[in-house]
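In order, the protein sequences belong to chains C and B. By the numbering used here, the letter at position 24 of the first sequence is numbered 24, and the numbering carries on one by one without gaps. By the numbering used here, the letter at position 77 of the second sequence is numbered 77, and the numbering carries on one by one without gaps.
Source of the hints: derived by calculation from the structure; they are not laboratory data. Hints are not guaranteed to be accurate.
List of simulated lysine to any residue pairs, SDA-like, C-alpha gap at most 20 Å [claimed, not checked]:
hint, chain 1, residue 1, chain 2, residue 2
1, C, K246, B, T136
2, C, K160, B, D121
3, C, K237, B, W134
4, C, K160, B, S151
5, B, K148, B, D112
Treat the numbers as computed from the prediction; the structure is a model and nothing was measured.
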Amino acid sequence: MKRFARHAIFYGVLIGIWVVLAKLKIWPPYVFPTPKGVMESLWAGFADHSFWIAIAVSMKRMLLGYSLSVVLGMVLGLGVASNKFLEETMGGLLVSLQSLPSICWLPLAVLWFGLTEKAILFVVVMGSLLSVTIAMETGRQQMPKIYGMAGRNLGAHGFKLFWYVLLPASLPFILSGLKQGWAFAWRSLISGEMIFVSLGLGQLLMMGRDLNDMSQVIAVMMLIIAIGYIVDGLVFKTIERRLQHKWGLAPA
Amino acid sequence: MTPNPAVQPSFASEHRSPVRGASGRWKAAGPAVLPLRYADASGVPKVALKGISLSYKTNDGSRLLALDNINLKVKPGEFLCIVGPSGCGKSTLLHLIAGLHPATSGNVLVDDKVVQGTGTDRILIFQELGLFPWLTVGQNVDFGMKMKAVSKAERREKTQYYLRLVHLSQFKDSYTHQLSGGMRQRVALARALATEPDVLLMDEPFAALDAQTRDLLHDELERIWAETGRTIIFVTHNVREAVRLGDRVALMTFRPGRVKREYLIDLPRPRVLEDTTVAKSAREILNDLREEINKSLEEQYGQKEVTA
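Pulled out of the complex, with its shape left as it was, chain C reads as follows:
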């Protein structure tokens, strides 16, 4: 309750300052919107379904792109972790590639795929693939060797060994990487969606800019923050808590 009160006070003051600054009319509303204007934009966006559609479209792309990069990243990461040659060569390349902001893949994607759905997916995958791969690789190395041996000893081989032993055993070690991958994918997606009429949240942002509608820009930004926060707070935190409880890493 106290925590809630502190939060309420903090955000109350923040919105208060915003209201006062807007009331002073120092800047025109297309530069500095009023809280009321933003609320109206939010309301209108949900009322005419354009926000709902944008969220659905963006989430669909996210799920597709992220799943793709998780599967690819796991295979790549495992390959790199289990092969000395690959580890030395590809491992270094992966780390250096990670320093490349994912938006840099966009020109390449547009040339390859045109202004299409594929180009956006490509950017999303490239944005998160490396995080997942590196997480999988280090997770595989950090995971105590005993689990793999115990699994083999109890008759697990090949895919069964991977699915029932290696993957769950390394999950606590790769979870933070999966989380980071999600965050990167989310960022890449929004940037990717800005480039053409793509119906997603990124395009709504650009539309706000084109119409000089700052209220819509801020409203969509809030949406993007909220979705990112909800996924992190609900999905990943829940998985994390359950893992910690199972493994006895934290008090239940």
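Given the coordinates of chain C, work out where chain B should sit on it, guided by the hints.
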């Protein structure tokens, strides 16, 4: 066949040994227990090690001979203990038998057939146990059967049976970190037994336990061994423990690991760690072991004498 003196009739009614019925389906047997362990009179050893050697490259590039021409035979249902100074390769030997690493030369035979790689006929209980923390106690016990694609109903039945055998029925849905060290040991034992291996390999399983828990687990292991008729190869550095449990004790030398001597432990069961007969047999083995410990200390610390 001589009945096993270790079997206490009182256990027979409480714990039923699983057997296959005429239909081939697994079912709980009646109170008649044992002795599977002397059922095989063919004279073929359950496990035979023929000329097992292992050498590996050390960091400075030289080759180290860890195990040197190990030859051992274990009868069906026999309880063999292997003792030796730490670093003599006794754990490594178990890993080789389990098929987790290949030997440089030599063969492991089970029922007179050369085995390669892992197999559920030989299950190893690791020193660190290797219980899966993401699974419940019940799911851990179930794991090996799931890998063998045993039917769900049978798995459920057997999981229950083996959990009861180690007295952990009410902890079926707990996670392993919620259990004490001794309980975790018993989960590992149940998990290994549930795959119904012919040979149970145990790697210093009780080393990290307090004396009381260890005594209790000695009794339980002896009871379970008698009930299930498994062949056990048990590695320990504790000579008394070896004498307490084993039908036979094999002493290994320090680097390279060889079998120095074998001792038949012909003491009546159940034995107690404090028995003077146990102590006397242990002392005899300990004298031989001390020589090896000295060698190992010399190598590690450049120190020679060890008294007491």
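Structure-based check of each hint:
no.: 1; hint: C:K246 with B:T136; result: 8 Å, holds
no.: 2; hint: C:K160 with B:D121; result: 19 Å, holds
no.: 3; hint: C:K237 with B:W134; result: 17 Å, holds
no.: 4; hint: C:K160 with B:S151; result: 17 Å, holds
no.: 5; hint: B:K148 with B:D112; result: 23 Å, violated
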